[in-house]
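Colleague: Line by line, the protein sequences give chains A and B. Numbering-wise (my numbering), the first sequence opens with residue 1 and increments by one. Numbering-wise (my numbering), the second sequence opens with residue 1 and increments by one.
Bear in mind the hints are in silico, worked out from the structure with no lab data behind them. Take these hints with a grain of salt, some might be off.
Given that identical chains are not distinguished, each listed pair holds provided it fits within a single copy or across any two copies.
To be verified - Within a straight-line C-alpha distance of at most 20 Å, the following computed DMTMM-like cross-link-like pairs (lysine to aspartate or glutamate) qualify:
#1 131 to 210
#2 160 to 126
#3 183 to 214
#4 128 to 156
#5 183 to 114
#6 131 to 141
#7 183 to 213
#8 131 to 156
#9 160 to 118
#10 131 to 99
#11 131 to 42
#12 131 to 38
#13 183 to 42
#14 131 to 182
#15 204 to 156
#16 204 to 214
Now for the letters of each chain:
There are 2 protein chains.
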Amino acid sequence: MTYCVAIKLNAGLVFLSDSRTNAGVDNISTYRKMIVYERPGDRFMVLLTAGNLSIAQSVREILQVEQLQERPDTDAITIRNANSRFNVGLIFGGQIRGEGLRLFQVYSAGNFVEATTETPYFQVGEYKYGKPVLDRVITPETPLDEAAKCALVSMDSTMKSNLSVGPPLDLVVYEANRFQTDKIVCLDMQNPYYRMLHSSWGQKLREVFDSLEDPVWDDAHTEVPLKVPAGRSKPLKKITRPDERLI
Amino acid sequence: MTYCVAIKLNAGLVFLSDSRTNAGVDNISTYRKMIVYERPGDRFMVLLTAGNLSIAQSVREILQVEQLQERPDTDAITIRNANSRFNVGLIFGGQIRGEGLRLFQVYSAGNFVEATTETPYFQVGEYKYGKPVLDRVITPETPLDEAAKCALVSMDSTMKSNLSVGPPLDLVVYEANRFQTDKIVCLDMQNPYYRMLHSSWGQKLREVFDSLEDPVWDDAHTEVPLKVPAGRSKPLKKITRPDERLI
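All chains, please: the whole structure from these sequences, using the hints.
Modeller: Listed below in structure tokens is the structure:
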């Protein structure tokens, strides 16, 4: 599978992708799912791909070839003739001089949505495990490096729960109005920062869990009783009558 | 949708289910997905259901009617004539006097798996959001009330991310070799313990996140540099050549 996430902030853009590709659990490879297009001082763009690997590669190829042929429709990604076997998800974002930051999610059929203040990030691939931390942290005001940290925690949660998402990780941090970046890094599991994040997050989550009070079943002995105040909702009926004899 | 979780511990069993049923987001109802069978001092069992509501209700009904007819196959759940439209997931567990604790997950086709020391919990329905905390906390040695707390945190994460999982929640804690329980509670969102858990978990997660160091891009100024040590993995190639003119 795949997990890619991209975040649009007031301060810039963050892109993160895994690189595991699998055709069944017995056939695992490593392919980059991120491609960076940069014309320093003029424009900077990043493409993230999920879905069928051959389709994703074809789409990239077509995008670049189309441009070589100077086709006019360069300002939006259009994927034509999608059919039911056409399985690909793209995230595409960046900035062109004279314009603002933009971030898009493109679906298999070629339709797309753009990130907004209310929806500042997009995910493709295995999105569920890594979504809660994004929802808790990311707003347009989040600083770039904090958002990069959040993307890495999101990726870490995903890799912990889905073996088909794996390292190395490609991370790009783009600062608004720079039209280039040096903050491009490929992280394997030996990277000291990633290792710190991975172990600290796991350990501290456990400490938070332990710090929360266990439920107490006797109302008299706790500030936060588990029992529902009378009348608030119906207790569950047990089936104990002799004519219901499953037991 | 639905989220149900059941945990088998040395100390007993924990069962938790939501109660939201929906046929599209514009048609939401509340149905209990948990049923408790108890013959005090002799046996105690709980059934959790996910999937198509009418099928789940039919399965319960058949189980109880079959028993009324004194059919011999009472010690396993068999669901026959499953076809492709048959969408239901069950968790069934409990204890009969003279036997150990048992917990099963039953699939639509009627086949089933039993919980073990290595796999001490089962989930049905929307399982992904609530799985990480279970993986971090639950072992067979976990005390009952701590496991109940873990199940509630797992449910809370699920409800935060999937609107089709919702309150009230039905929670049962069964202590081994008691063959009955009084620890059965229906929790709505006003329950003081649940409110404490919900707000503390969210707030403390955020504190943990904030306590982790942001990445620093200059190796010279940090103990945990983000840059990959030379040679460890290949940096991502930017496309900047003039003949690759997407940009």
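Colleague: Each of the hints needs a verdict: does it hold here or not?
Modeller: To see whether the hints hold, each was checked on the structure:
1. 131 to 210: between (23 Å within a copy, 17 Å between copies)
2. 160 to 126: both (12 Å within a copy, 18 Å between copies)
3. 183 to 214: between (44 Å within a copy, 14 Å between copies)
4. 128 to 156: Cα proximity of residue 128 and residue 156: in one copy and across copies (12 Å, 15 Å).
5. 183 to 114: Close neither inside one copy (24 Å) nor across copies (49 Å); limit 20 Å.
6. 131 to 141: within (18 Å within a copy, 30 Å between copies)
7. 183 to 213: between (42 Å within a copy, 17 Å between copies)
8. 131 to 156: Both. Shortest intra-copy (11 Å) and inter-copy (14 Å) distances satisfy the 20 Å Cα cut-off.
9. 160 to 118: between (28 Å within a copy, 17 Å between copies)
10. 131 to 99: neither (29 Å within a copy, 42 Å between copies)
11. 131 to 42: neither (33 Å within a copy, 45 Å between copies)
12. 131 to 38: neither (29 Å within a copy, 40 Å between copies)
13. 183 to 42: within (17 Å within a copy, 66 Å between copies)
14. 131 to 182: neither (27 Å within a copy, 37 Å between copies)
15. 204 to 156: Both ways: residue 204 and residue 156 sit 14 Å apart in one copy and 19 Å across, limit 20 Å.
16. 204 to 214: Both ways: residue 204 and residue 214 sit 18 Å apart in one copy and 16 Å across, limit 20 Å.
Against the hints set out earlier in the document, violations occur for numbers 5, 10, 11, 12, 14.
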